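J.: With these hints in hand, go ahead and build the complete structure from the sequences.
There are 2 protein chains.
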Amino acid sequence: MTSMKPYAFGIDIGGTTVKIGLFSTDGTFIESWEIPTRKEGEGAMILPDIARAIMKKLKEKGYAADDVEGVGVGVPGPVFEDGVVNGCVNLGWGVLDVRGQLSSLLGGMRVEVANDANVAALGEQWRGGGKGFKNVIMVTLGTGVGGGVIVEGKIVAGAHGAAGEIGHMTVNHHETIPCNCGRKGCLEQYASATGIVRKAKELLAASGKASCLRSVEDLTSKDVFDGAKIGDEICLQIVDFVGYTLGTALTYITSVTDPDVVVIGGGVSKAGQILLDAVDHHYREEAFKPAKNTAFKLAVLGNDAGMVGAVRMVISN
Amino acid sequence: MTSMKPYAFGIDIGGTTVKIGLFSTDGTFIESWEIPTRKEGEGAMILPDIARAIMKKLKEKGYAADDVEGVGVGVPGPVFEDGVVNGCVNLGWGVLDVRGQLSSLLGGMRVEVANDANVAALGEQWRGGGKGFKNVIMVTLGTGVGGGVIVEGKIVAGAHGAAGEIGHMTVNHHETIPCNCGRKGCLEQYASATGIVRKAKELLAASGKASCLRSVEDLTSKDVFDGAKIGDEICLQIVDFVGYTLGTALTYITSVTDPDVVVIGGGVSKAGQILLDAVDHHYREEAFKPAKNTAFKLAVLGNDAGMVGAVRMVISN
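First to last, the sequence lines map onto chains A and B.
Taking numbering that gives the first Met the number 0, I'd label the letters of the first sequence as residues 0 to 316.
Taking numbering that gives the first Met the number 0, I'd label the letters of the second sequence as residues 0 to 316.
Don't read these hints as lab results, they were simulated from the structure.
Heads up, a few of these hints could be off.
Put simply, identical chains are the same to the list, so a pair is met inside one copy or across any two.
As the list claims (entries may be wrong) - Straight-line distance between alpha carbons at most 20 Å, and here's what the computed PhoX-like set of lysine-lysine pairs gives: (1) LYS58 x LYS269; (2) LYS183 x LYS291; (3) LYS288 x LYS183; (4) LYS58 x LYS228; (5) LYS133 x LYS153; (6) LYS200 x LYS183; (7) LYS269 x LYS133; (8) LYS208 x LYS56.
Because the structure is a prediction, the values reported are computed rather than measured.
T.: What follows is the structure, encoded as structure tokens:
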């Protein structure tokens with residue numbers, strides 16, 4: 000800590016925009032901005048664009064390159080421990096040495112790279128739902144289901160850059176409809192926003208029960224949780240099913256690293272306490288004693304989690 | 000590495016004996032011996048006995064206490080990161096500061112403490128089935144089912160000292176017979192030596208098929224694997240079932256930390272390649288793509304894994 004340079008950047012590369020944050024190395028947020036993600040030409044311009052944006056900001060602020068402790072980067076694909084990205088379809092990248100290339104573009108600045116779900120987990124552990132705890136598992140429930148694993152305040156990357164890839168655990172061996180991954184019965188098919196809507200439609204078709212969902216045109220997972228909050232029976236049934244599926248999967252997941260806290264984020268988590276309660280209830284029924292006290296928290300950083308976690312990679316001691 | 004003192008001890012505390020190993024800090028094994036585990040008086044003599052054995056050995060060898068880099072200890076119970084044991088029924092211990100107490104008894108020597116399954120995993124990662132890999136999950140199939148998780152060459156202890164406690168994952172929600180833990184459908188009920196024998200007896204009773212097992216008096220899991228090796232149909236069916244149950248559970252487990260290799264140890268693993276093949280087959284059918292290449296290996300250190308892993312805790316750099 001004593002010998003750290005004063006500034007650092009946290010960067011979250013998304014499919015549409017790159018979010019860049021400037022921080023003091025004591026962790027204070029200074030400012031953030033976005034630049035477009037130019038995916039043309041196999042994404043060859045993405046890293047030069049980022050380097051240019053950083054150098055421009057330094058000039059604007061009157062900081063020297065040597066005032067920068069480092070640059071942390073979150074990438075939407077698997078990343079090996081050495082900062083090499085193992086292909087990233089969303090950005091047009093094949094195998095790419097992001098750490099090495101970005102560092103060269105920045106005149107040898109220190110660069111750390113990790114998968115975006117893992118980086119978001121680190122952000123939530125440091126400043127969000129997992130604040131105060133060193134061992135965190137983050138589950139992101141969005142269009143898909145992702146996750147990140149933090150042990151002793153550090154990202155677990157995994158041998159194939161796939162640690163925390165929990166969305167494709169087979170939780171239902173009787174499923175007949177395939178998941179996006181081609182297999183059947185993945186957690187993602189039940190606990191993602193898409194999965195919740197699918198389940199709702201199935202139940203509405205199979206049941207003759209009245210439900211507030213029947214009058215909704217473009218059904219979303221939010222409608223399901225909203226209905227459950229006002230006591231709609233079909234909605235309550237779906238929320239309980241999501242809680243059961245995710246809660247059970249989490250007993251498997253927590254038995255591996257035994258985290259202090261599980262942080263639930265992503266669009267579906269906006270449902271709030273009703274989701275936590277449903278997961279918590281089934282988790283405690285199923286969990287082995289030593290891990291029964293694992294806490295469940297909502298993510299709090301939203302879209303900033305990636306940027307915040309990214310800078311953390313270069314300013315943790 | 001450069002400033003390391005020349006010697007270190009690795010200690011594996013079991014319910015009957017304590018195994019003590021003397022090593023050079025370059026990792027060379029010098030000698031090992033055992034002392035009885037005196038459990039009387041809530042196990043109050045265990046740590047003084049160990050300290051006395053170490054001091055006696057140093058005297059015998061003509062080494063000074065200051066020649067010892069440290070003492071690593073594996074304990075059959077949950078251990079927090081600070082070396083405090085969170086109760087250990089087998090030894091009569093309640094919550095006990097093993098690191099602090101043993102260090103005091105040894106005049107301030109460095110002591111590191113971890114759970115025995117985790118320590119065995121570290122031993123196998125360093126010198127055994129996981130040699131050459133930094134990210135290892137070890138599964139121990141004995142009377143029960145245990146596990147240990149190694150990330151970047153270090154033990155993952157967990158927030159409640161319960162990381163790697165995979166034996167009580169509920170893998171069968173339809174089980175009617177309770178596990179030792181009081182719950183139903185735990186992995187341990189199917190993949191332990193006890194579980195394999197139970198399954199064999201069930202199948203023999205339910206099926207009219209001929210089987211070499213019918214003439215065996217005290218059926219063991221070894222009989223089942225031996226039968227499978229000579230093509231006995233009932234035995235093959237059981238081995239396939241064990242492979243399916245464990246292989247599926249391992250897809251959940253590997254999705255969390257994404258290890259390079261899964262090491263399978265414990266008495267059941269003496270079955271050898273036929274067990275690995277059964278697990279491997281079902282694992283690859285169920286695993287999500289990025290983790291499909293995880294290797295499966297047999298443990299090689301047997302009862303020495305604990306002692307070897309214990310010393311590793313104080314001589315890894």
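J.: Are the hints correct? Go through all of them and say.
T.: Going through the hints against the structure:
For the identical chains of this complex, LYS58 and LYS269 are neighbours neither inside a copy (39 Å) nor across copies (65 Å), given an alpha-carbon limit of 20 Å. Proximity of LYS183 and LYS291 under a CA criterion of 20 Å is satisfied inter-copy only: 16 Å between copies versus 29 Å inside one chain copy. With identical chains, the CA atoms of LYS288 and LYS183 are at most 20 Å apart between copies only, with a shortest distance of 13 Å across copies and 31 Å within one. Proximity of LYS58 and LYS228 under a CA criterion of 20 Å is satisfied in neither setting, with 51 Å inside one chain copy and 72 Å between copies.
Proximity of LYS133 to LYS153 under the C-alpha cut-off of 20 Å is found in both arrangements, the shortest distances being 8 Å within a copy and 15 Å between copies. In this assembly of identical chains, LYS200 and LYS183 lie within 20 Å of each other by CA distance solely inside one copy; the values are 19 Å within and 33 Å between copies. Proximity of LYS269 to LYS133 under the C-alpha cut-off of 20 Å is found in neither arrangement, the shortest distances being 24 Å within a copy and 38 Å between copies. Neither within a single protomer nor between protomers do LYS208 and LYS56 lie at most 20 Å apart by alpha-carbon distance, with minima of 59 Å and 77 Å respectively.
The structure does not agree with the numbered hints 1, 4, 7, 8 stated previously, though it agrees with the rest.
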